[in-house]
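Enquirer: If you want the building blocks of each chain, they are given just below.
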Amino acid sequence: MAIESRDIVKNFGNIRALTGLSFQVRRGEIYGLIGPNGAGKTTALRIMATLIKPTSGSAEVFSFDVEKQASEVRKIISYLPEEAGAYRNLSGHEYLEFMARFYAGSKATAQKMVEEAAEISGLGERLKDKVKTYSKGMNRRLLIARALMVKPKLAILDEPTGGLDVVHAFHVRRIIQDYVEKHGVTVLLSSHNMLEVEFLCNRVALINEGKIVDEGSPQKLKSSYNAKNLEEAFMEATSLE
Amino acid sequence: MSSGLGNLMMKEIKEMLRDPKILVGIVLMPLLMFPIMGSAIGISQTAVEESIKESLKSASIAVLDLDGELAAKSLIGFLAESNMTLLEIDASNEEEALKRLQETNATVLLVIPPDFSYNMTNGLKGDLKIYTVFKSMSVTEAGKASAAGAPVTLYESALVFHMIQQAFPGRDPKTVLDPVGLSYYIVFKGKFIKAPPEALLSGIIMSQSLGFPMVIMLMLITAMQIAATAIAIEKEEKTLETLLTLPVGRLSILAGKLAGSVTVAGAGAIAALVGVNYYTGSIFSGLASAGTPPIDLEALGLVPSPLAYLLLGVTLFVTIVSALALAICIAIFSENVRSAQTLVSYLILPIVIPSIFLMLADINILPRAVQIALYAIPYTHSIIAAKAAFTGDYLTMLTSIAYISLFTVAILYIAAKIFTTERVVTARISLKRLRLKRE
Numbered sequence: 000m001a002i003e004s005r006d007i008v009k010n011f012g013n014i015r016a017l018t019g020l021s022f023q024v025r026r027g028e029i030y031g032l033i034g035p036n037g038a039g040k041t042t043a044l045r046i047m048a049t050l051i052k053p054t055s056g057s058a059e060v061f062s063f064d065v066e067k068q069a070s071e072v073r074k075i076i077s078y079l080p081e082e083a084g085a086y087r088n089l090s091g092h093e094y095l096e097f098m099a100r101f102y103a104g105s106k107a108t109a110q111k112m113v114e115e116a117a118e119i120s121g122l123g124e125r126l127k128d129k130v131k132t133y134s135k136g137m138n139r140r141l142l143i144a145r146a147l148m149v150k151p152k153l154a155i156l157d158e159p160t161g162g163l164d165v166v167h168a169f170h171v172r173r174i175i176q177d178y179v180e181k182h183g184v185t186v187l188l189s190s191h192n193m194l195e196v197e198f199l200c201n202r203v204a205l206i207n208e209g210k211i212v213d214e215g216s217p218q219k220l221k222s223s224y225n226a227k228n229l230e231e232a233f234m235e236a237t238s239l240e
Numbered sequence: 465m466s467s468g469l470g471n472l473m474m475k476e477i478k479e480m481l482r483d484p485k486i487l488v489g490i491v492l493m494p495l496l497m498f499p500i501m502g503s504a505i506g507i508s509q510t511a512v513e514e515s516i517k518e519s520l521k522s523a524s525i526a527v528l529d530l531d532g533e534l535a536a537k538s539l540i541g542f543l544a545e546s547n548m549t550l551l552e553i554d555a556s557n558e559e560e561a562l563k564r565l566q567e568t569n570a571t572v573l574l575v576i577p578p579d580f581s582y583n584m585t586n587g588l589k590g591d592l593k594i595y596t597v598f599k600s601m602s603v604t605e606a607g608k609a610s611a612a613g614a615p616v617t618l619y620e621s622a623l624v625f626h627m628i629q630q631a632f633p634g635r636d637p638k639t640v641l642d643p644v645g646l647s648y649y650i651v652f653k654g655k656f657i658k659a660p661p662e663a664l665l666s667g668i669i670m671s672q673s674l675g676f677p678m679v680i681m682l683m684l685i686t687a688m689q690i691a692a693t694a695i696a697i698e699k700e701e702k703t704l705e706t707l708l709t710l711p712v713g714r715l716s717i718l719a720g721k722l723a724g725s726v727t728v729a730g731a732g733a734i735a736a737l738v739g740v741n742y743y744t745g746s747i748f749s750g751l752a753s754a755g756t757p758p759i760d761l762e763a764l765g766l767v768p769s770p771l772a773y774l775l776l777g778v779t780l781f782v783t784i785v786s787a788l789a790l791a792i793c794i795a796i797f798s799e800n801v802r803s804a805q806t807l808v809s810y811l812i813l814p815i816v817i818p819s820i821f822l823m824l825a826d827i828n829i830l831p832r833a834v835q836i837a838l839y840a841i842p843y844t845h846s847i848i849a850a851k852a853a854f855t856g857d858y859l860t861m862l863t864s865i866a867y868i869s870l871f872t873v874a875i876l877y878i879a880a881k882i883f884t885t886e887r888v889v890t891a892r893i894s895l896k897r898l899r900l901k902r903e
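Here the protein sequences line up with chains A and B, keeping their order. Take the first sequence: its letters are residues 0 to 240, numbered as in this note's numbering. Take the second sequence: its letters are residues 465 to 903, numbered as in this note's numbering.
Looking at chain B on its own, in the form it has when it is part of the complex:
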């Protein structure tokens, strides 16, 4: 007679992958959802940039010149030479000019106050005002407004350069303005690269702080839902009762369920990983285009070594096995698929909470009580281990693996106990009854 484990595992995989809910929800959705999200962000970013460029080409600035003197004329002349269309508004005050602005297609009003030229020629600050009309609350509108200020800034620079050249003939105005050069270097564990600290921040945020907790969170939730659903369907259809009377060990049945769920959850995790990678890549390229260049993490040794990858794999494996065993223990007490999913959803909280905390902060800077609470949750250690993989902190990784493994063994022991007793058939938690009791 067959030991049955392989038979059970193959059945589990076949049954799960043929279930459209599992195939679409667990494997195809993450594979499609994240790239679609990433593409959507990419497409909208490009659209915004294009829209700003287009609007700049055809942008028109309305100018209210209340000064009328030399400096004001010089400014208007400079602006007229830029790409923008200038529209001079004839009004006696700003309120009237704003009313007139509504009749035009211009969205920006530049006001040159009466004493602008006097101030400029007498060494005082020449104040200008820019009014921006927002037609909608979009990035494009905000872009138009800042773009309108750009020529004025250019005028200011040209003016400053001119003044410097007059005051310091033969000197480079750039050196006069910025006499001290400052280069930023990042040093990490003896390795250094030339990059501003904020670049490292964005690199870490994308790769570790957001990426890994998100993937671990997704993977665990997915795996738990799969395992709980698989058990609940067996209970609902009474196929579990049949299985338990077959000449196959109860532990083989449990192991078959776990192995099948691990395989399918693994496929789901890979799908999520591929999807998330594409998604973060899209955001990364967005950041790069926004002026924050991606940093070479490899040069700093912030890319996991083969050993770190191996330990990371072990961490993910023990984490997923414990989550599956936990979900199976809980789902055994359910009456049907719906109640199993509800019961398992209560377990999602301890997974999501550490992920959220550790996405935003390092555990060591959190208040002591929060730290203790987080350390008690085994899934916190999965994220800590994943982060440690990037810094090559093997001791932390091994400690985390040990803690999760202990928890996994305890949960597997409970699951095995339940499976070898009649509780696997008789255990029921009626959610309805629980609610009634509470009332």
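The following block holds chain A by itself, in its conformation from the complex:
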């Protein structure tokens, strides 16, 4: 298993963000968490990315405990936060170089990673420009390329196309899909966009109020709830209608 999450509870003071989250992600699949704002998607991704610790329960990434073996987990994952930026005063190329150096053992390997990222992002000559001159879409493409160039075992992507226009969102989805197919990377992502999830994910978890209410392939979820799309399935599953 790529991820094994067991009954995770996460409290922030009096607020309970996760109320017993359990799910499994298989190696090489794209697994999506979908749910409304405040459902606990980002908290779940942050725990898998070793940014925060569960209040109770446990999680393993490629058999490494996210709490006790956080530094091992960090070597095999790549995390992309929602609405993240890059360093505004560095060029796209410098930013990629900076990130690659943490993973590469040599200059040559780092250079290869940067070349790969340049290809993934499709930003071409614009990589020489400072990040502050990029549009939101270009910025996101740069960050997706950064997350994938290191060929992580697990890529954790929080709303990978959040706030992007149709063209950029399409491009980013293609990048993720192509990369997974080519390198067998496992992806855990969250999204509000049900269509995107349906298009990208092998399996999906419907998350509401801090726990998973149902799980399965998009096709299975739609047929279970006799729904035309995942949106309808989600509403049925959570009885929000």
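Some clues are possibly wrong.
[Unchecked claim] Part of the chain B face toward chain A, derived, beta carbon under 10 Å:
1) 513
2) 630
3) 631
4) 706
5) 711
6) 774
7) 776
[Claimed, not checked] Chain A stretches covered by chain B per the calculated footprint, using a threshold of three residues with CB under 8 Å from any CB of chain B:
8) 50-59
9) 71-77
10) 94-102
Derived from the structure by calculation, the hints contain no laboratory data. Please read these numbers as outputs of a predicted model, since none were measured by experiment. All C-beta atoms in this analysis are idealised placements derived from N, C-alpha and C, irrespective of residue type, glycine included.
Assemble chain B onto chain A, guided by the hints.
Expert: Relative to chain A, chain B alone:
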């Protein structure tokens, strides 16, 4: 895999120096601001001196002679021989003369009262009056007024010399007037130089009392703002979240931030030092031209030795590291750059207060309660150590370094704790919420 510290540090420096706000505000501004301030003072001083000289050349004094006798005529004759243009006013009293004065371009009215000659010839004091019309409140105007009194003083000296020569023929009037010669020497730690004590005061004021506290204050405020802004930008842009999931130790991330900020703050401090040096130099030359000669501090051993410079460097280093760590600890709790700068601005107070106290007074002469409060603030010790560097008081310097280092270690420990827990991601202080709670 790279340990990442060098990589992180280089990124920090690149990112900060390319930020126009940091480059202009931290490095270029002090480099330009202080020399501009110094030059402005220098230019205005020269302008004032030139203006006084010019006005003296063309100055005219209005004279109201209500006496009309021999001594009054002798005085008027003496004044007429000086550079000034004399303008005799025909009036029966001072009020009328002042009204007439408005019609002329003279700004000074010398009034010779009716009994001036009688008093002068009968061994009594001959009183004179000088009215000065101020057209504006400037140094130039005040200069004109005092310049107008100068010829009268010269007349008085000439008169006194004449009287002495008549009373003591063959004697030097200067010796009669000032029979005891007095030379001032300053002795400091066994070394002495010939100079009046006030000259030492001005030397110390410029070099230690004002210069060092000001530079330390500037350096700390600068460094704290840099570090807080760097962390806040990382939080705002969520680049910190990405950094924290990279295969690099959290302490390396903290050390990279500190090292980057120290380097940039160091550049800022050097810029400030160069600027302040030029600025104080300008004021110093101003003092020298005003008649207070600069003193040779080196001859008194009041210039730091190489060891003192080394200890001073250590003091500044531990001070700046503690300030940076403190700023990082605080900025972690901010939501964005603005709130980080607001939170850090609260820390500026404990830096400014000791600087102000110690600019004006030695800590030992302050009330006991103030002394205790100041000693508790670590940044007081940075200034005390800087002052001790000039007197070669190594024990005080080492004590100060020990105190600041202890504080620095404590702050670094807290910063490291915050960085190794999830607080670095989740901690937030909402200023808005705090204000609402208070209301």
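Enquirer: Compare the structure with each hint and give your call.
Expert: Hint by hint, here is what the structure shows:
Contact between residue 513 of chain B and chain A, as hinted, is not supported at the beta carbon level, the nearest pair being about 47 Å apart and thus beyond 10 Å. The restraint placing residue 630 of chain B at the interface with chain A is violated, with a minimum CB-CB distance near 84 Å, outside the 10 Å limit. For the restraint placing residue 631 of chain B at the interface with chain A, the shortest Cβ-Cβ distance is roughly 83 Å, beyond the 10 Å limit, so the hint is violated. The restraint placing residue 706 of chain B at the interface with chain A holds, with a minimum CB-CB distance near 6 Å, inside the 10 Å limit.
This hint holds: residue 711 of chain B has a C-beta 4 Å from the nearest C-beta of chain A, less than the 10 Å allowed. Hint on residue 774 of chain B is violated. Least Cβ distance to chain A is approximately 35 Å, over the 10 Å limit. A hinted interface residue such as residue 776 of chain B counts as satisfied when its beta carbon comes closer than 10 Å to some beta carbon of chain A; here the least separation is about 33 Å, so the hint is violated. Counting residues of the region 50-59 of chain A whose beta-carbon sits less than 8 Å from any beta-carbon of chain B gives 3, enough to reach three: the coverage restraint holds.
Counting residues of the region 71-77 of chain A whose CB lies closer than 8 Å to any CB of chain B gives 4, so the stated coverage by that chain holds, three being the minimum. For a cut-off of 8 Å, the count of residues in the region 94-102 of chain A with a CB near a CB of chain B stands at 5, and the three-residue condition holds.
In this structure, the earlier hints numbered 1, 2, 3, 6 and 7 are contradicted, and the remaining ones agree with it.
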